[in-house]
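Those sequence lines, one after another, are chains A and B. So the mapping is simple: the numbering used here equals the position in the first sequence, first residue as 1, plus 1232. So the mapping is simple: the numbering used here equals the position in the second sequence, first residue as 1, plus 47.
Don't read these hints as lab results, they were simulated from the structure. For each residue, glycine too, the CB sits at the ideal point set by N, CA and C. Certain hints may be false.
Per the computed footprint, the stretches of chain A lying under chain B, defined by three or more beta-carbons under 8 Å from a beta-carbon of chain B, are [stated by the list, open to error]:
#1 1261-1275
#2 1284-1292
In silico lysine to any residue, SDA-like type, Cα no more than 20 Å apart, as pairs [what the hints assert, rightly or not]:
#3 B:Lys509 / B:Met546
#4 A:Lys1438 / B:Asp481
#5 A:Lys1266 / A:Ile1276
#6 A:Lys1450 / B:Lys601
#7 A:Lys1438 / B:Val459
#8 B:Lys601 / B:Pro403
Taking beta-carbon pairs under 8 Å as the criterion, some of the chain A residues facing chain B (in silico) [unchecked claim]:
#9 Arg1377
#10 Asp1432
#11 Ser1436
#12 Lys1438
#13 Gly1441
#14 Glu1442
#15 Trp1445
#16 Leu1460
#17 Ile1461
#18 Val1462
Below are the chains, spelled out letter by letter.
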Amino acid sequence: MTDIDNSGAETEGASSGSMAPAQDRKTVKQEQRKELFATPSFIIGAVILSFWVLCSIVPGLFTKWGENEVIRLADGSTIPRTGPGANAWFGTDTIGNDVFARVIYGADNVLINAPISALIAVLAGAVLGLTMGYYRGLVDEILSRIIEAILSLPVILLALMVVVVFGNSRIVIVLTIAALFTPVVARTVRSAVTSEAQLDYVMSAKLRGESGWFIMMKEIFPNITNVLIVEFTVRVGYAIFTVATLSFLGLGAGDQSAADWGVDIANGYSLIQSGQWWISIFPALAIASLVISVNLIADSIEKVYNS
Amino acid sequence: MSLITNDSDRVQRGDPETAALAVQDLRLAYIVRGTPREVLRGVTFQVRPGEAFGLVGESGCGKSTSAYAAMRYLPSNGEITGGRVLANGLDITAMSSSDLRNFRATQASMVYQDPVQALNPTLKIGKQVAECFRILGSDKGGAEDQALEALKRVHIAAPGSVMDRYPHQLSGGMLQRVVIAMGLAGDPSLLILDEPTTGLDATVEAEVLDLVRELRHETNAAVLLIAHNLGVIRTMCDRVGVMYAGKMVEEASSDELFEEPRHPYTIGLMNAIPRLGLRKTDRALSTIPGNMPSIGTSLPTCVYVDRCPLATDICRSDAPPIVELGDGRWTRCHHSDQLSSIEEPSSDIPEHVVGPDNMIQLHSVSKTFRQKGVDIPALVSVDLGFAEGETLGLVGESGSGKSTLAKTLLGVHSADLGGEITLDGRVMKGKAIDRVDESIRAVQMVFQNPDSALNRAWTVRKILTRTVTSLTEIQGAAADRRVEELAEAMRLSSHHLDMRPRQLSGGLKQRVAIARAFAGDPRVVVCDEPTSALDVSVQAAILNLLATLQRDEKTSYLFITHDIGVVRYLADRIAVMYVGRILEKGFTDDIFEGPVHPYTEALLSAVPSIDGTSHDRIPLTGDIPSPSNPPSGCVFHTRCKYSMPGTCDVHEPPEVEVGPRHSIVCHLPIDEMPTPITVSISKKG
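Same shape as in the complex, but just chain B (with noise of 0.2 Å):
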């Protein structure tokens, strides 16, 4: 049974008295340097007792500390200028400090994105578990036993060796897991998820996701959930609320918001997902045009005016009305009925080229790292290549091998004896110092966090000239033409240009490194997961701008990426790694239709849909193992559930061509593997 439900006597919002939570008409600023910045500007919303309620929007919106403030867990220069807080009827922004505690201690708790940051690295986690109990009264002895039950209850297997262990040597799932028991020690009325499963895979993500759906049921606590990733908020959440610029835009259930939003915002936000199966070859993606108001700014009417395309006169002169749609359901706009006027981008894209022979071709190519005097294969006979013009994504769980693999191809180190990398053919030197520097100039990389990636004490044209002048012949005044050619081609304004990264947003710091990366007309783009660090809109258009460079420079990428949404639209074939191995390979349309590699389809169904619950999903239980003790036979045989034994866990599987330029290393007959896991469509969609 799904545990999400639209049952209507939940949905209505009833008494502010009674609610597990209600945020009201929350005002708060931070003062910065001095002076009062508005951060929220009015929130509103109320968490029913055992309902998961989610909050959207992009960053800097004003969410986590919309969640902060529930707790009133605010920075010293944060301050609460006006609305109240009340949680099960009392007034948190009114009360004691020692009431405050008391009231996080038994009433509410809250799970943080890193869980390496929320636990001590210098106390056992039965200790700090334990704790956890003897703030609420339980002598030593008791308070390690319902430790030992709660890291049970958290599904931990062996709870008694984890007891005994330091947070560094567990996963991030299984810390995650370990601060939801601590969560859980008070069974709280109301938990509070702030990005819970931001920093973890796929799988790992879609384990402690069942955790807390399942924990929810069994304990009924409230949940208020902050996640920038609308498939997650999606799976878990009963009501959704969209955040903007500190203001409420839009509330609705869960369902009713993800098919049938009804904000200019929501609209935008949703349609920016590549979403449904979307290919870049179908149409562009659509984007919102803009930047969020930064905190501080007066918004006196409707605060997204700037961005919206239905924004009239009356939008800047009167502050919009809340439409009641009925339910509970809002929206805070003056057009919401003109939404149907809010058009996507054309279908009418020119065709995209792939050629027909492999530039880039990875030949049998291994790396070992040597730590501590064990031998660790990090890749293991890898081959693969690509042709001009052609995307290839590259999935798989963390530590499967995929950087080491764009490292390997970029020269940052070169790979072990006996394999090699060619370019149209000819052999390249390993490391990128010893290449030619025709060699050099054609392999570039675009970078996950553009702030690591972008020297912030440089200027952008600096930045753009250095790279034009040393990868190629360009010098001089023909250069500074060169760089601002290349912004210009990345939608950078030339003031921009004598602009400091820090100046910059989000998605104009990944032009500038996209820039960058295409300033020596490069053969090859390796794209480490170049949009995970933004917002979705943001997000669309950077890959928007990949899409179109791709189609005009003929440039191959290396695509990088943990959302599988991003690689269906932007990837023509598809690569997948585990332990330091490419399990299969083929063009997208073929992976996405099966028949695929058993991991591939435990790999595809974990991950959250906007597009609905699935709810068939593959469990992919246990670690990755460890490259430097793979196990024997086929590397996945340990968590495959199709393992059969005295094959799999002796023989290496051999790689079977299953279909054209579709290769699948398994013993599964062909006519056994499995096929993908097909979420269930939206009927509106």
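Next comes chain A alone, as it looks inside the complex (with noise of 0.2 Å):
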């Protein structure tokens, strides 16, 4: 190629990037960054879950007792059935344990398997979505219809069935979950892609003969990410809720005398109507107070992005 050498052409292109109108990308970024940071919903909702994800790895910073451990007064006499007091802020259950430690250390198995259900329903959602919204045709009528009608079915009563079945250890219920999520996550993720794979790069990716595979990969990928990261954050709510449910009906991992949020109401709800309602309550404001602060930060990216 020789270079243009004409008086009067090609003078746009040799003016210093500094002046392109678009805003530099980092720029874009920081001041994204710096708006997420500065929205008060974004605020809260990290504060409340720095909160828990610091009681799910050093429960022992927040309470003295320990989760299976029973309230002893100086007298050693145990206080079980305690209302909210000096003793116990939150009160104490029916053995006498206390109920703000049982909630503190009750934090850790929604969030450990809540987040990683979600990360494999978005990582296996982006494969499927992806490779309908690519190719379309007969596979994306197939998997879409598949998808209509494990949508059409209640998740909580699919992941039971599955539960009961396979047993209720940490694997299973992560994967359950995982798996009940994923057709949500491909419909998303396939119309994404699919308005995405009519955008001309594509195209010329085709035109110069690149393989399915990579252009959905390296060319489209690339550019649904914010879909994944949005997608990922609702879905860690929704999580949330179906772990401490499974819990809630004994289905939930692990050993069942560790401190759970879902056993804990489990426990607990019976005895709201004879007036021990913090038993129940507490564990019960937690859940929802998780649940709000991811929603809270999906809002707000979600907000952030699309501005």
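These two chains come separately, so use the hints to put the complex back together.
Structure, rendered in structure tokens:
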């Protein structure tokens, strides 16, 4: 190629890059981050979430009682079924354990299982959605119908069946929730990929003979990561609910005596009528606060990306 | 009678209290990610009652924002920071929201660029139009009658049946008529049109513009017209304001502005347009160096100083004065007396060599799509060829099969059996993926919209390197060098290579797209309206680049465009398509001299030109026929004013040689074929 050296020609491209009207990508990212960190709903969500994450890592930081340690007063007596007070902020349960300590220690089950299952669901859904959205045609038709069929069934019922059949080990619970969330993710990703695949850069890649796999993974995938991040945060919220519900139904993972919000609600909810509301209400509030914090974060991220 | 008059009483700028619209020192900022960024930096203009005022300027100059601000119709992050807007003496900037609603309902209305988005897809046309009258207080039956009248007024044939249809069942031109009918419902004294014809074909555009002109005459409404197409502005407007970076830099009557621009920016815009029959063999197009400052940039002195060929120290230290030029005409420049020293590019350019034989040849190529069990012949036995280094311009309305032809050549889909495409005499496979590497390399494409054509997650370097390594044998360090060379040839600097598309301006993005198309040393590059998304100054630079690359690389172009000026500048030969058929092909000069096909005649006359108005436009009424059900005989007979019943509607016309390599598919005897109307060329031009 020879250089262009005509008078009057080609001056526009020679201007310095700093003059380019489009904002620097880094600046945009920085400004997005700045805006995100200045959003009140994001700050509130992040504070609550960080608290629970800290609880699941170092629960001892927040309470002197262990999760299965019965509170004993100075005289050695125990105080089961006592309402919130100076000895136990959140009261004690039927055995005499500190409800506050149970809530703190109960965070880890949900906080480990929910994000892992959401992550698996997003990855699997991404692969499925990419395939469906890029190739379309018969495979897409069939998979779409299957997805619609699965989506028409209540998630928790399906989860229950699977866990009853395969046992309630952590791996089964995580994979079950992941599998149940995959179709929703796949559908969202598919629609993002469908519109992406209509863009000319995809046609350009085809015109230079690129393979379908290359176009999906290298060309399209980097352009749908925003969708995946938003989808992940939303799914984490739902996964928290599902994990807690399974525990509530007695199908939670692992040791049944370990502190677990779902289990503790199940153990305490029949006592609400007899006035001992604190045993189940505090774990329930814990679940609610976690889900709300995740949703606050998800909403703020989505808003900033779309602005 | 032309409506564009330069009645001096009219152009005299009067009392803002009596103007249909008076924008006074309007300042406006958008709050983007927390920071207010100035978009309008003190805009002042007036639209007198009954006057048509045009706003022109490159994208981002604030012309649409000015129009929206005139209705106080702003996005939630838009904030008026100074100045005021008066309409018939009412201060819109200080109105309460109920007064504002009333004002929008009865005194002003707006027609948007995309009629599809302006109409509710779930409601029938009749209901939507009637609603405008309901708001104005009519009862149900009365509103429907008025809606019917309103549709008649915008020349919709069979308004009754249109009332009963949904928006998706109507064509773009028809929808824009409906939107205009709705806009006129309240008999507004001010009509704001924001790029009203941008998405429409030239033939439909001409019809819509005729309609607006006629209605304006009828209602005596003042019109504020925003259009990036300067031809539209010239044919429609009495006065024109030129905007740059949120400031008005020049205002004049339409004819004065186009004949004798008095601001360096206006001159730059005018010279960038291929006009008055300019060809690539005459000279390169003028360009405007640099880019428009982005919104929010601090511009204390002359807003145009960084790109101005006349800029001196005073332009950077003092704000330019407004120079009154009489009759309300003015320009904002320190050097308005030195404009004649702005030079045009030299006409000394190397010879353009076109090969003797056709390198690529389409032999009776047809393409039939099958949709819901119905065959749709999108291409019907097309014979077309072009030589090395030649540009073949492909023109025709939307839906005529231009893109299908390009995609068949590119191998996006294969042609029907029986037709073939040969490269240097060897047949190429139908689909790109089945073609040999050499054929894949040989045919590449530059797309219309660079935003869509470039992967926004990739850097420019990655885009080009991948193309080089997958199209050619060049790998590794050699490929990196090749990318640097390509970038240099496109006048992209090396730091552009590490940017992502969104960091680049439209022109730079299109350069990257062109670099990618040229990465594998192609023989043919299909250019699908490569400049229609760009501003004229950028278009000029891209057309210059394409012309230079063609001269140096002997590449052929299949150039699809709606812009007759562009095709005339760049194309060596032109092919005219209609309903999947080539109706005419010939050398560019021969086509503009005639004789031509009646369709070509109508197509050429439809284009609004910046060189003046053609008063005797050939109207092309009705819609382009559906390819699934083409008219009998000659496909054009349904819209042809020369149609001979008994011949044209029965027999397919023969291909007649009217000159060297110039053939026309028509029943008319050669001496009765029309010659294209050349627009009245300006006296000073």
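Right, here's what the structure says about each hint:
no.	hint	result
1	1261-1275	holds (count 5)
2	1284-1292	violated (count 0)
3	B:Lys509 / B:Met546	10 Å, holds
4	A:Lys1438 / B:Asp481	11 Å, holds
5	A:Lys1266 / A:Ile1276	15 Å, holds
6	A:Lys1450 / B:Lys601	33 Å, violated
7	A:Lys1438 / B:Val459	8 Å, holds
8	B:Lys601 / B:Pro403	12 Å, holds
9	Arg1377	21 Å, violated
10	Asp1432	4 Å, holds
11	Ser1436	6 Å, holds
12	Lys1438	7 Å, holds
13	Gly1441	5 Å, holds
14	Glu1442	7 Å, holds
15	Trp1445	14 Å, violated
16	Leu1460	13 Å, violated
17	Ile1461	14 Å, violated
18	Val1462	17 Å, violated
Checked against the numbered hints above, the structure violates hints 2, 6, 9, 15, 16, 17 and 18; every other hint is satisfied.
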